[in-house]
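Trainee: As a plain string of letters, each chain reads:
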Amino acid sequence: AQTIHQWPVAEIKAVGSPLSLGCTIKGKSSPNLYWYWQATGGTLQQLFYSITVGQVESVVQLNLSASRPKDDQFILSTEKLLLSHSGFYLCAWSPWGGGQDTQYFGPGTRLLVL
Amino acid sequence: AQSVTQPDARVTVSEGASLQLRCKYSYSGTPYLFWYVQYPRQGLQLLLKYYSGDPVVQGVNGFEAEFSKSNSSFHLRKASVHWSDSAVYFCVLSTGYQNFYFGKGTSLTVIP
Chain Y
1 AQTIHQWPVA EIKAVGSPLS LGCTIKGKSS PNLYWYWQAT GGTLQQLFYS ITVGQVESVV
61 QLNLSASRPK DDQFILSTEK LLLSHSGFYL CAWSPWGGGQ DTQYFGPGTR LLVL
Chain F
115 AQSVTQPDAR VTVSEGASLQ LRCKYSYSGT PYLFWYVQYP RQGLQLLLKY YSGDPVVQGV
175 NGFEAEFSKS NSSFHLRKAS VHWSDSAVYF CVLSTGYQNF YFGKGTSLTV IP
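These protein sequence lines map, in sequence, to chains Y and F. Residue numbers 1 to 114, in this note's numbering, belong to the letters of the first sequence in order. Residue numbers 115 to 226, in this note's numbering, belong to the letters of the second sequence in order.
One or more of the hints may lead you astray.
To be verified - Only pairs whose alpha carbons sit at most 25 Å apart, straight line, appear in this in silico SDA-like list of lysine to any residue:
1. F/Lys163 to Y/Thr43
2. F/Lys218 to Y/Asn32
3. F/Lys138 to Y/Asp101
4. F/Lys163 to Y/Lys13
5. F/Lys138 to Y/Gly42
6. F/Lys218 to Y/Lys70
7. F/Lys218 to Y/Gln38
8. F/Lys163 to Y/Ser30
9. F/Lys163 to F/Pro226
10. Y/Lys26 to F/Gln156
11. F/Lys138 to F/Pro226
12. Y/Lys28 to F/Trp197
13. Y/Lys26 to F/Gly157
14. Y/Lys28 to F/Gly210
15. F/Lys218 to Y/Gln2
16. F/Lys138 to Y/Gln45
17. F/Lys163 to Y/Gln38
18. F/Lys218 to Y/Ser30
19. F/Lys138 to Y/Gln2
20. Y/Lys28 to F/Gly157
21. Y/Lys13 to F/Gly210
22. F/Lys163 to Y/Gln2
23. F/Lys218 to Y/Ala1
24. F/Lys218 to Y/Lys26
25. F/Lys163 to Y/Asp101
26. Y/Lys28 to F/Gln156
27. F/Lys183 to Y/Asp101
28. F/Lys163 to Y/Thr102
29. Y/Lys13 to Y/Ala39
30. Y/Lys80 to Y/Ser58
31. Y/Lys70 to F/Gly210
32. F/Lys218 to Y/Ser86
33. F/Lys218 to Y/Thr40
34. F/Lys163 to Y/Ala1
35. F/Lys218 to Y/Ser58
36. F/Lys138 to Y/Ala1
37. Y/Lys26 to F/Leu162
38. F/Lys163 to Y/Gly41
39. F/Lys218 to Y/Lys28
40. F/Lys183 to Y/Thr102
Think of the hints as simulated: they come from the structure by calculation, not from any bench.
Start from the sequences, fold in the hints, and give me the full structure.
Mentor: As structure tokens, this is what we get:
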């Protein structure tokens, strides 16, 4: 069975500090990977997606970057956090081969920027 | 441009009552549609999906949804709700090519 982990579970960070959030998928080779951001009480905004190692496509620019250093790992980062980065970050995967496939979401990372 | 509209931000129903959550989409091509549920402080779980064929699709926990191309809608229904159904429900449109569009969500409260 496939499992998806996100780390950390929660973070409190200062404005201007760096950030790195991680996501790992086990039990599935070559998945499509996605990062979403959810403002408190809001909808999900797709940030990035990746269909293969080393290749990441940006959907929305929020002064964030993403990388896929391994087949099963997706990293979201920034060098300088803004207050507007606060929210809930969700990683998701879908089977390779078609963007219409079902997405499976991780438990999320809650970020508070002060 | 593609979009999803969930016109009801909040819905309150009594336990045992029937439920309909509305979803309208905007997309000129063939839509792939999903309903997800999010329980407090958790990730999203898939309820059901529609790709093609029978416009009424069955999902988990007694949920079903009906696709209407003429109305550009994909409404979610349940015959009898339980207090544990209280959550936020998202309607999602995929246009392929790794692009997914989420509605703003409908927060459902079931009163015991």
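Trainee: Please name the hints from earlier in the document that this structure breaks, with their numbers sorted from lowest to highest.
Mentor: Hint check: 4, 6, 9, 11, 12, 15, 18, 19, 21, 23, 24, 36, 39 fail, others pass.
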